[in-house]
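Visitor: These protein sequences, in sequence, are chains A and B.
Position 33 (the first sequence) corresponds to 92 in the working numbering; numbering is contiguous.
Position 5 (the second sequence) corresponds to 91 in the working numbering; numbering is contiguous.
Just to be clear, a hint being listed does not mean it is correct.
Chain A is faced by these chain B residues, among others (derived, beta-carbon under 7 Å) [as the list claims (entries may be wrong)]:
| id | residue |
| --- | --- |
| 1 | Thr92 |
| 2 | Gly121 |
| 3 | Ile155 |
| 4 | Gln160 |
| 5 | Val162 |
| 6 | Phe166 |
| 7 | Ser172 |
| 8 | Ile173 |
Computed beta-carbon distance windows for the label pairs [as the list claims (entries may be wrong)]:
| id | chain 1 | residue 1 | chain 2 | residue 2 | range |
| --- | --- | --- | --- | --- | --- |
| 9 | B | Lys184 | A | Ile154 | 16 to 24 Å |
| 10 | A | Gly84 | B | Arg154 | 18 to 26 Å |
| 11 | A | Gly262 | B | Leu275 | 18 to 26 Å |
| 12 | A | Lys263 | B | Ile288 | 30 to 38 Å |
| 13 | A | Glu119 | B | Glu299 | 48 to 56 Å |
| 14 | B | Lys184 | A | Thr214 | 49 to 57 Å |
| 15 | B | Ile283 | A | Glu119 | 34 to 42 Å |
| 16 | B | Ile280 | A | Gln94 | 37 to 45 Å |
| 17 | A | Ile77 | B | Ile288 | 45 to 53 Å |
| 18 | B | Asp302 | A | Glu128 | 32 to 40 Å |
| 19 | A | Asn144 | B | Glu204 | 33 to 41 Å |
| 20 | B | Arg154 | A | Gly83 | 19 to 27 Å |
| 21 | A | Glu148 | B | Ala118 | 27 to 35 Å |
None of these hints come from the bench; they were simulated from the model.
Ideal placement from N, C-alpha and C gives every residue a C-beta, glycine not left out.
Residue-level listing of the chains:
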Amino acid sequence: MSKLNTDSNGYTLFFLAIMVMVVGGALAFISSALQPTIDANQELDRRKKVMKAILSLSEEEENEVLTKEFVNSEYEGKVSGVLVNFQGEIVADSIPAKYQFRKEMKDNTIAQEDKLYPVYIYDDNGAKVYVYQMIGSGLWDEINGFLALEDNQQTIKGVAFDHVAETPGLGAELVKNKFREQFYGQSLFDENGEYDFAVYKAGKLPKNSKGVDGLAGATITTDGIHAMVKKTKDNYINYISK
Amino acid sequence: MSDVKTKQLLTDPLSDNNPITVQVLGICSALAVSGNIKNALVMGVAVTMVAAFSNLTISSLRNYIPSRIRMIVQLVVIAFLVTLVSIFLKAFSYDLSKELSVYIGLIITNCIIMGRLEAFALANKPMPAFLDGIGNGLGYGLVLLIVGAIRELFGTGALLGFTIFGEEAKHGAEFLKHGFFNDFFHNGLMVLPISSIFILGILIWIQRSRNTELVDIS
């Protein structure tokens, strides 16, 4: 067999064409074959965060209780979503599939007053838990989460946080129970109904005061969480006070 | 090929031919992803897999790849494997993929992989190339692990997430509650990638003082 001339233009183009087809085809096939699994994972992750905020469990309990089956059955059975406008009126009895929270919040062309906000309502044997969705900025990228208020719309039942790229070991600790559990049972408002809640810089939480002690070594993430909770209160205040 | 040589392919990159400290490849990700042990570990495993299989692929194709576009071909193979790893993680280990999403993408730009393809896979048979990939991946992982352990311990006071030093030690195990452990304060510099430069420099210094043949006099 004569030696293949691998340096000719024709062969180079031929090789490229075959390579692109093989690699592109394989990736497209694998990606579309696994896309339903990936979507299901993302949805489960979101539901898990909603349940974390509602149930306000300890770390051991979360690891034990929040299985895929439990989260899905509990979410589908007891959680209903509504869409509210800034004035606090319910505009949709369920959250439309095409509604995207992140897109809605990040859209600068729509004023805060004209945006729509999702509320998840959990029916805990008659007593309701209201879950509000949060989004804000950490040090490197987006932070987000869910804030659950008890039936009185004052006391925090639980919170769940997530982040995109906070510093591991410092800012990224916001997802940990140790930080989140400080929120549980605190009231967002004072006795006159004014907003009264703060996330303090680590170690700066005044004695006998309400609020949350921030993350050590992550001042900007801590400030981001403070601003995010406040912003969420602003978004939903008309619905909350109804 | 003798057994001695096969063994060297695996063990040389761990010390005297370490990709980071001797070949000085892959420094960028070694600085960025060595903040804690867990990330270093997963990154080490992922790079080892990609290095091994891209070496295998390129070495098998080495007689057919047009030399003028060989780098493009190498990049396509690497990017293909990395995208594959990323998709599989998302589908089958979602929590891990969320934690590592940025870092997995970074493997594509890891110069160790392309460096080994150019230096070894293009001139050797598939099997030695495969072993060379594994060896270099492990050598990379080892350095990452050392740097990661130092940075995690002094930066956050923990090892593999378990608190050892600092304020938080007060809530930890009984023997950690004494002054020595919780008087310590986290060193913010250690959390930043900059600290890896110092740690890597010291590692290279130690290694070269033990094996003077590695000292490059030029």
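Visitor: For every hint, state whether the structure bears it out.
Guide: These are the hints, each one checked on the structure:
1. A distance limit of 7 Å between C-beta atoms decides the matter here; for Thr92(B) the minimum to chain A is near 29 Å, and the interface restraint is violated.
2. A cut of 7 Å between beta carbons decides the hint on Gly121(B): the least distance to chain A is about 5 Å, and the hint holds.
3. Satisfaction of the interface hint for Ile155(B) is found here, the shortest Cβ-Cβ separation to chain A being roughly 6 Å, below the 7 Å cut-off.
4. Interface hint status for Gln160(B): violated, as the beta-carbon distance to the closest one in chain A is roughly 11 Å, over 7 Å.
5. Taking 7 Å as the C-beta contact cut-off toward chain A, the hint placing Val162(B) at the interface holds, the least distance being around 6 Å.
6. The beta carbon of Phe166(B) comes within 5 Å of a beta carbon in chain A, closer than 7 Å, and the hint placing it at the interface holds.
7. Among the interface hints, the one on Ser172(B) is violated; its C-beta lies about 10 Å from the nearest C-beta in chain A, farther than the 7 Å criterion.
8. At a threshold of 7 Å, the smallest CB-CB gap from Ile173(B) to chain A is about 6 Å, leaving the interface hint in force.
9. Range check, Lys184(B) to Ile154(A): Cβ separation about 23 Å, and the 16 to 24 Å hint holds.
10. A beta carbon spacing of about 24 Å between Gly84(A) and Arg154(B) agrees with the range 18 to 26 Å that was offered as a hint.
11. The supplied range of 18 to 26 Å is met by Gly262(A) and Leu275(B), whose beta-carbon atoms lie about 19 Å from each other.
12. Between Lys263(A) and Ile288(B) the C-beta distance comes to about 35 Å, which sits within the given range of 30 to 38 Å.
13. Separated by about 53 Å at the C-beta atoms, Glu119(A) and Glu299(B) satisfy the suggested range of 48 to 56 Å.
14. Range check, Lys184(B) to Thr214(A): about 30 Å between beta-carbon atoms, so the 49 to 57 Å window is missed.
15. Between Ile283(B) and Glu119(A) the C-beta distance comes to about 40 Å, which sits within the given range of 34 to 42 Å.
16. For the pair Ile280(B) and Gln94(A), the beta carbons lie near 39 Å from each other, so the given range of 37 to 45 Å is met.
17. Distance hint check: the CB atoms of Ile77(A) and Ile288(B) are about 48 Å apart, consistent with the given range 45 to 53 Å.
18. As the Cβ distance of Asp302(B) to Glu128(A) is approximately 60 Å, the hint placing it in 32 to 40 Å is violated.
19. A hinted range of 33 to 41 Å for the beta carbons of Asn144(A) and Glu204(B) is inconsistent with their spacing of about 60 Å.
20. Between Arg154(B) and Gly83(A) the beta carbons are some 21 Å apart, a value that agrees with the proposed interval 19 to 27 Å.
21. Distance hint for Glu148(A) and Ala118(B): a CB-CB separation of about 48 Å, inconsistent with the stated range 27 to 35 Å.
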